[in-house]
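4 protein chains.
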Amino acid sequence: MTVTWSPAMAEAIEKARVEVCELHSELIKWGLVVWTAGNVSQRVRGIDGADDVLVIKPSGVTYDSLTPASMVVCDLEGNLIVGAHSPSSDTAAHAYVYRHMDEVGGVVHTHSTYATAFAAVGKPIPCHLTMMGDEFGGEIPVGPFALIGDDSIGQGIVETLKDSRSPAVLMQNHGPFTIGKDAKAAVKAAAMTEEVARTMFVALQLGDPIAIPQEKIDSLYARYQNVYGQH
Amino acid sequence: MTVTWSPAMAEAIEKARVEVCELHSELIKWGLVVWTAGNVSQRVRGIDGADDVLVIKPSGVTYDSLTPASMVVCDLEGNLIVGAHSPSSDTAAHAYVYRHMDEVGGVVHTHSTYATAFAAVGKPIPCHLTMMGDEFGGEIPVGPFALIGDDSIGQGIVETLKDSRSPAVLMQNHGPFTIGKDAKAAVKAAAMTEEVARTMFVALQLGDPIAIPQEKIDSLYARYQNVYGQH
Amino acid sequence: MTVTWSPAMAEAIEKARVEVCELHSELIKWGLVVWTAGNVSQRVRGIDGADDVLVIKPSGVTYDSLTPASMVVCDLEGNLIVGAHSPSSDTAAHAYVYRHMDEVGGVVHTHSTYATAFAAVGKPIPCHLTMMGDEFGGEIPVGPFALIGDDSIGQGIVETLKDSRSPAVLMQNHGPFTIGKDAKAAVKAAAMTEEVARTMFVALQLGDPIAIPQEKIDSLYARYQNVYGQH
Amino acid sequence: MTVTWSPAMAEAIEKARVEVCELHSELIKWGLVVWTAGNVSQRVRGIDGADDVLVIKPSGVTYDSLTPASMVVCDLEGNLIVGAHSPSSDTAAHAYVYRHMDEVGGVVHTHSTYATAFAAVGKPIPCHLTMMGDEFGGEIPVGPFALIGDDSIGQGIVETLKDSRSPAVLMQNHGPFTIGKDAKAAVKAAAMTEEVARTMFVALQLGDPIAIPQEKIDSLYARYQNVYGQH
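Chains as they are written, first to last, in the UniProt record's numbering: chain A, 1 to 231; chain B, 1 to 231; chain C, 1 to 231; chain D, 1 to 231.
Do not take every clue at face value.
Because identical chains cannot be distinguished in the list, a pair is counted as satisfied if it fits within a single copy or across any two copies.
Claimed, not checked - Here are the simulated lysine to any residue pairs, SDA-like style, with alpha carbons at most 25 Å apart:
#  : residue 1 : residue 2
1  : Lys-216   : Asp-150
2  : Lys-162   : Pro-126
3  : Lys-29    : Asp-208
4  : Lys-184   : Asp-163
5  : Lys-29    : Pro-68
6  : Lys-216   : Asn-226
7  : Lys-162   : Val-18
8  : Lys-216   : Gln-155
9  : Lys-181   : Ala-10
10 : Lys-15    : Val-61
11 : Lys-15    : Gln-205
12 : Lys-216   : Asp-151
13 : Lys-29    : Met-9
It should be emphasised that the hints constitute simulated quantities derived from the structure, not laboratory data. This one's a predicted model, so the numbers in the text were calculated from it and none came from an experiment.
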């Protein structure tokens, strides 16, 4: 595929490669991934006539070896444009989300332990924490079981999230995908998803969590999103 | 707001900014916070005619980016006096505690996992550990459900702690707040709160914890507070 | 024992000592071992007429003190050929695997917490996660109880794994052994074993994990092994 | 107290101060302590006519601030001989163990999470792991409830351990104490105590751990102690 970019578009892509590379270290820092099992992408909006592209982790490369130059650039169909490695095998799912949710600028996928455990039993993470009201505006929903290889995962993510306040979905038997206005926001959502999954797991073992009235959740969410910006 | 401070007061405030900044790294070190979800403040007692002020974390800044200069200074109503960022959105709660508990010199708030799980089910952390007798003098109590935005959280903290030995309160569905004679003591209480929450969670899963007679708890508490000073 | 090697064989052995030494730090990094309780080995296939040898951790040396030069070289009966220390006390089990499974190039043993807990109750780790389908092709099986000191452990590993897709076996009351095409692949399997053990533990506490149909597991496994190579 | 030591005794004490200081960092490394809640001591056997002394952590000093010079030296009654700080408040218990168990050269006390949870419910950690057979020779027993301030804790430790193979005792409602031929061995026992407590906790949640026949435990213990030396 031959693509030409203006200097401004090329610079925006290079900036995204640096950011996406650095954000992978946050997945390690917050304990969200083991070995190579997680990936971050960011949309670069087209300028000077270019189409949008996405920057994502290369496939099968360990986190210690990641550099900005090793981040791959794909079009929004998931086709490789620039990169010495193949894109992450989850690229099709990321690309589908960018094609169908224009407001999304970043996507993250992990198999973080506690969130993935909720996904294995197919239960949403219930909202009994003010920090969940703030960040997720309610429970974190479960998406359908879907196999890798076509658009099934992407469709499951989009169908679950398009009518939800939550920036996170637990794909059944698989693990969480999170979205945000940029990659950093999606990484934050991934870190918070695991934290609330862990906290709610412990709470559910301790007894019956106390309900927070819906209007209080609405109030928390409205205030937080107003202060910190939409995800 | 225009405030003038004597050199001695200004120096005391700068010293507190250094200390409060450094103490945020302890929250990370002991695993008490994810992303930006925790804050430490310290009271600086007014000298040379100045009113007391509080030094607290700026809002929405990641822990890696914190510097002494980024710590903000507020009056005890929570109004910003000095700082390039807004104060933490929990400042009103900290300020309320300083106004109503004159012996308190430091306040810490986290969403640490196990303590927050007890808060989600509205159960106090029961005192079956000698280290709890030492540090907390009994169970760690639960405070009321309260929304951010007015003095409700501060009132709930003060009403729960004013007649308790415990330097920690679990605000229902929210998380722990801790107090101390200075910020370091409040951070220690936050670390110990999470540790005893985690230990008691495991104990409650293993079976029925053995009661410690009240007079033994009293003895542990009296000795420890005498040795290490009142919180 | 006197052995002579060609320069090429000697170089291959030195390369393996460097790799095996470095891979022990991955056991620490992913939280798989406490103190000295884990070991990694790699087969070096004989060239220029030499027999295969294995490179393994020395016995009772802490991880901080390991150097490539401290890695010991043994024949495939487990006899020491080169090394200032005794080989790991688990060497006989590693050697047995290499003698009986020619495709295996790396073996790892740990007592990682969650996998060892499944071993203590003698339950396989059930496959309710797409990442297990990918990496293990089904459940992680339990091997027999066997004492150290003869070939019992090695036999138990080989009998359990020879007809299984799984590169990991949980030896009853003992802990996991993993295999791979080289030591790095076996370390990856060890890290993934602990991760799926932890995730499935949490899932089993939360409720009934949802089954993944066998043909979906087959599909996941076929695709992943094709992309990333056989273990 | 005025004590004079030969150069050889003085050198042995300085060596112990370095070792005991460094071993405290192992408590942090293996996650055994929060804040200042753990301590390591080592006996220095008297030479050139001197009495035995013990080297122990100073009281209330954070782990980051520990230096060899800050380690305090006490006689075996627990009286301070050399040191700028008070000895750990647990010194009386350490000293009692050294006075009554001549083979013991190191003592460690922690409140490590899972071991302390077993102590809170007063249940021994049952031996369903080969690594427990190796290191502990059976279950880890529970000692009596005892308050700090006199010899009760020391007596409870000695009475529980003197007829046990285990180098660890869980003091009820309090936490583990471990012993060894030197401080390093006692620290290893403390790390292994927490690890087997955590593993057995998970196993007990998963189901009924499988029994290991007593003669197999005896065999594991005999072999391991022969290879690695008596604790």
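Against the structure, the hints come out as follows:
1. With identical chains, the CA atoms of Lys-216 and Asp-150 are at most 25 Å apart between copies only, with a shortest distance of 14 Å across copies and 40 Å within one.
2. Taking the shortest Cα distances, Lys-162 and Pro-126 sit within 25 Å of each other inside one copy (19 Å), while across copies they are farther apart (33 Å).
3. Taking the shortest Cα distances, Lys-29 and Asp-208 never come within 25 Å of each other, neither inside one copy (31 Å) nor across copies (31 Å).
4. With identical chains, the CA atoms of Lys-184 and Asp-163 are at most 25 Å apart within one copy only, with a shortest distance of 22 Å there and 43 Å across copies.
5. Proximity of Lys-29 and Pro-68 under a CA criterion of 25 Å is satisfied in both settings, with 18 Å inside one chain copy and 23 Å between copies.
6. Proximity of Lys-216 to Asn-226 under the C-alpha cut-off of 25 Å is restricted to the intra-copy arrangement: shortest distance 15 Å within a copy versus 43 Å between copies.
7. For the identical chains of this complex, Lys-162 and Val-18 are neighbours neither inside a copy (29 Å) nor across copies (45 Å), given an alpha-carbon limit of 25 Å.
8. Within a single copy, Lys-216 and Gln-155 get their C-alpha atoms only as close as 31 Å, which misses the 25 Å cut-off; across copies the closest is 18 Å, which meets it.
9. Proximity of Lys-181 to Ala-10 under the C-alpha cut-off of 25 Å is restricted to the intra-copy arrangement: shortest distance 21 Å within a copy versus 41 Å between copies.
10. Taking the shortest Cα distances, Lys-15 and Val-61 sit within 25 Å of each other both inside one copy (21 Å) and across copies (21 Å).
11. Proximity of Lys-15 and Gln-205 under a CA criterion of 25 Å is satisfied in neither setting, with 44 Å inside one chain copy and 43 Å between copies.
12. Taking identical chains as interchangeable, the C-alpha atoms of Lys-216 and Asp-151 lie at most 25 Å apart only when they sit on different chains, with a minimum of 16 Å there against 37 Å within one chain.
13. In this assembly of identical chains, Lys-29 and Met-9 lie within 25 Å of each other by CA distance neither inside one copy nor across copies; the values are 31 Å within and 38 Å between.
In this structure, the earlier hints numbered 3, 7, 11 and 13 are contradicted, and the remaining ones agree with it.
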